[in-house]
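Chain B: place on chain A using the hints.
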Amino acid sequence: MTKRLTLILLTTLRCNADCEYCFENKSAHDLTHQQVMIIFDKLLGYMTENDIRELTIYWLGGEIMLLEPEWYLRANDFIRTLAEQKGITVRHYMQSNLLAYNSKWNRVISEMFRNCIGTSLDFPNLYRRTFGGNAEAYDKIWTRRFREVRENGISVGVISIPNRQTLEIGAADFYSYYVDDVGIKSLKVNTPFPGGAPNPLKLTFPLNSELLTLFYTQLADVWMTQGYECGVRLDPLQGLIEYFLNGDKSQLECIWRPACGDEHISIDPRGNVSACDCMAASYPEFSFGNVFDCRDMSEVMNSPVRQQIRDRPSQLIRIEECIDCDYLAICHGGCFTRAYSTFGRISAKDPDCHVHKAVFRHMSNAAVKLAGTNVIRRSIGATPS
Amino acid sequence: MSSKGVGVTRCYNIPASLVNSFRDKKVVVRSKNAAELVDSLAEVARDQLIYLQLLSLVDPAPLSKLSEPVQLDLVMQGDSEFSHLYRFAELGKSHPIRVTVPLSQGCARTVKLAISLDFRVKLRLTLLDDTLVDELTGILEYYLHHRTASQPIEFFHSVLMAFYLKQVVTVWDIQEENPSRFRYVSESGRIEFPRPLLTDYGPADGNCFLDDYKMQLFLEQGDCSACLYFSVCLGYFKIPDKNFDCRGVKKLFQMIKDACTELENSLRDFDSQLLEGGVNPQ
Chain A
1 MTKRLTLILL
11 TTLRCNADCE
21 YCFENKSAHD
31 LTHQQVMIIF
41 DKLLGYMTEN
51 DIRELTIYWL
61 GGEIMLLEPE
71 WYLRANDFIR
81 TLAEQKGITV
91 RHYMQSNLLA
101 YNSKWNRVIS
111 EMFRNCIGTS
121 LDFPNLYRRT
131 FGGNAEAYDK
141 IWTRRFREVR
151 ENGISVGVIS
161 IPNRQTLEIG
171 AADFYSYYVD
181 DVGIKSLKVN
191 TPFPGGAPNP
201 LKLTFPLNSE
211 LLTLFYTQLA
221 DVWMTQGYEC
231 GVRLDPLQGL
241 IEYFLNGDKS
251 QLECIWRPAC
261 GDEHISIDPR
271 GNVSACDCMA
281 ASYPEFSFGN
291 VFDCRDMSEV
301 MNSPVRQQIR
311 DRPSQLIRIE
321 ECIDCDYLAI
331 CHGGCFTRAY
341 STFGRISAKD
351 PDCHVHKAVF
361 RHMSNAAVKL
371 AGTNVIRRSI
381 GATPS
Chain B
1001 MSSKGVGVTR
1011 CYNIPASLVN
1021 SFRDKKVVVR
1031 SKNAAELVDS
1041 LAEVARDQLI
1051 YLQLLSLVDP
1061 APLSKLSEPV
1071 QLDLVMQGDS
1081 EFSHLYRFAE
1091 LGKSHPIRVT
1101 VPLSQGCART
1111 VKLAISLDFR
1121 VKLRLTLLDD
1131 TLVDELTGIL
1141 EYYLHHRTAS
1151 QPIEFFHSVL
1161 MAFYLKQVVT
1171 VWDIQEENPS
1181 RFRYVSESGR
1191 IEFPRPLLTD
1201 YGPADGNCFL
1211 DDYKMQLFLE
1221 QGDCSACLYF
1231 SVCLGYFKIP
1241 DKNFDCRGVK
1251 KLFQMIKDAC
1261 TELENSLRDF
1271 DSQLLEGGVN
1281 PQ
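Residue numbers (our numbering), protein chains in the order written: chain A, 1 to 385; chain B, 1001 to 1282.
The shape of chain A in the complex, shown without the other chains (with noise of 0.2 Å):
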């Protein structure tokens, strides 16, 4: 029952990309060394102090691999021998366009990213675009790169975000695509919600809700025949499975979780210290302070605005119904993130409830379905292929 603490780490705002639901304000500001110094220095007193031992970075932009590879090598110089000093264990994870890789990017994919690495694609690609491109020209890019990555041993796990022609496409051609066509054995699809600057497009999410219901419902049909027990993880529905299966939350995504504003921090290249990435780069009111200006960590995690993050769940369950919803485990009102940026203020549940109670709810039925698949293949002796 060890301690752990989730860094989401904004190295740049710069990017390579346009993407037209992109919640991040772009700027032209990189993190330094001497900055990450002054971040680890005083993030790790700061765990030492409260006894956490685990540090999982989550490495992003703008787009990370703007920053030079060996600027990454030598920022994970600094922080494991700080770690090691302090007995923390850090994990790394990174998640990029690959719009500019290459392989000089295969030494710290693999030294600091145990050789993974997780990128964005569309299907179809509406609004993923290059900068000064558009989304054929992203589409193009990120192929070969991909190609080049894949060819280099690297794992792949790819984000995809589905738009108004995906729902119409449907899921059995959705998953096809990445998995078959592609070949993407981990894929993660999130739902698009109107953080940042508005702009028309962001107008129009949520996405119809009847839609997207379906939409899931039926890619976790197909992912549960064609890829649940041939390798495929299929995210948030894996982690969905694995707790109506086992009883295991530690797979469920972050915002899904009691006391993500306990767990997670995130921080950019301007020191401004958040909640998460979409909080730091876009909604300045939301700022717990910022690392280079604090006198210590302690000073920014106890800011009143953690604080009112944190007490979220408690405020939902007394205003919204969520404290009467049959999957309040595994939920606690949602997103944040997602509520300030579609209601304008966090006190709010997930603009996404109906969606996820409805997937919940599949996702339960299928662990039934499969505990008694189960079952009988034990007891006729077969395993799954």
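None of these hints come from the bench; they were simulated from the model. Some hints could be false.
To be verified - Computed list of lysine-lysine pairs in DSS-like fashion (alpha-carbon distance at most 30 Å, straight line):
id, chain 1, residue 1, chain 2, residue 2
1, B, K1093, A, K42
2, A, K3, B, K1065
3, B, K1251, B, K1238
4, B, K1093, A, K249
5, B, K1065, B, K1026
6, B, K1032, A, K3
7, A, K3, A, K42
8, A, K369, B, K1257
9, B, K1093, A, K357
10, B, K1238, B, K1166
11, B, K1238, B, K1257
12, A, K188, A, K3
13, A, K86, B, K1093
14, B, K1065, A, K42
15, A, K188, B, K1093
16, B, K1065, A, K86
17, B, K1026, A, K3
18, B, K1238, B, K1214
19, B, K1065, A, K249
20, B, K1093, A, K3
Predicted, not measured: the structure shown is a model, and the values here were computed from it.
Just chain B now, kept in the frame of chain A:
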């Protein structure tokens, strides 16, 4: 904080201010002040500590200073503070937490939230009426059949396990109110029984109370003498009102018994399917 009580040694529920006076005893240390509980640990041998009991949910922050996992019991004072449980969500990852919920109309939502946060629950029982029996029935339904209810709710859980494992357990022990095994120490240091006992029964020291009380209930030939669940209940619900109508409580025990039978049948079917090796997949 075993479901069946805390072993044969007597356990004392003491205020944190008196830890020095009970150094050689098994203790539950209680306080309204989380910082005081943390400080008291310096004076208590770990093998003597059963758990820490926090009587106010206002400020859990000092508990984050606990360096080793310690069992915590959060005692709710009323349903109005149920949402405060969220303040302990993070703490629950490093310390096993139980929430003691006083039975009252509407307390099911407190139970549900506690279970949703992966905390165990003990219901603090009181004199029952029809409304409270309905509340208990709803909570039992939730415990037995809801897919996201994955933590024990006492006294239901220990009774279910005892039925299933064919073991002996009493509600008195589950509720930590067996007068031969538990004592409550007041702020002034006065040692008391964990709940007021009927003065008609048992000697003052409480050691033989349950045996004497049991005998009396049999001799009176009242409800208890013919009750299927007497060995589990031992007249627990007849205190403080000897004339309490137990029909609602018996239904609760019957529901638990039925669930146990259902569980046994399911497992038996499963085993026979495995042995036969031939079933028709649907």
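Is A:K86 within 30 Å of B:K1093, Cα to Cα? holds, 21 Å
Need the status of pair B:K1251, B:K1238: alpha-carbon distance at most 30 Å? holds, 16 Å
Measure nothing beyond the straight line between the CA atoms of B:K1093 and A:K42; if it is 30 Å or shorter, mark the hint as holding. Since the Cα atoms of B:K1093 and A:K42 sit roughly 24 Å apart, the hinted pair holds (cutoff 30 Å).
If you draw a straight line from the CA of A:K3 to the CA of B:K1065, is it 30 Å or shorter? At roughly 12 Å apart (the allowed maximum being 30 Å), B:K1065 and A:K3 satisfy the hint.
Is it true that the CA of B:K1093 sits at most 30 Å from the CA of A:K357? holds, 25 Å
Need the status of pair B:K1065, A:K42: alpha-carbon distance at most 30 Å? Roughly 19 Å separates the two Cα atoms, so the pair holds.
Can the restraint linking B:K1065 and A:K249 be considered satisfied, given a maximum Cα separation of 30 Å? holds, 25 Å
Take the C-alpha atoms of A:K369 and B:K1257, compute the straight-line distance between them, and say whether it is at most 30 Å. holds, 26 Å
Given the proposed pairing of B:K1065 with B:K1026, does the C-alpha separation stay at or below 30 Å? holds, 23 Å
A:K188 paired with A:K3 [C-alpha distance capped at 30 Å]: holds, 26 Å
Hinted pair, alpha-carbon criterion (30 Å max): A:K188, B:K1093. Please report holds or violated. holds, 26 Å
Is B:K1065 close enough to A:K86, meaning Cα to Cα at most 30 Å? Answer holds: B:K1065 to A:K86 is near 17 Å, not above 30 Å.
The structure agrees with every numbered hint stated previously.
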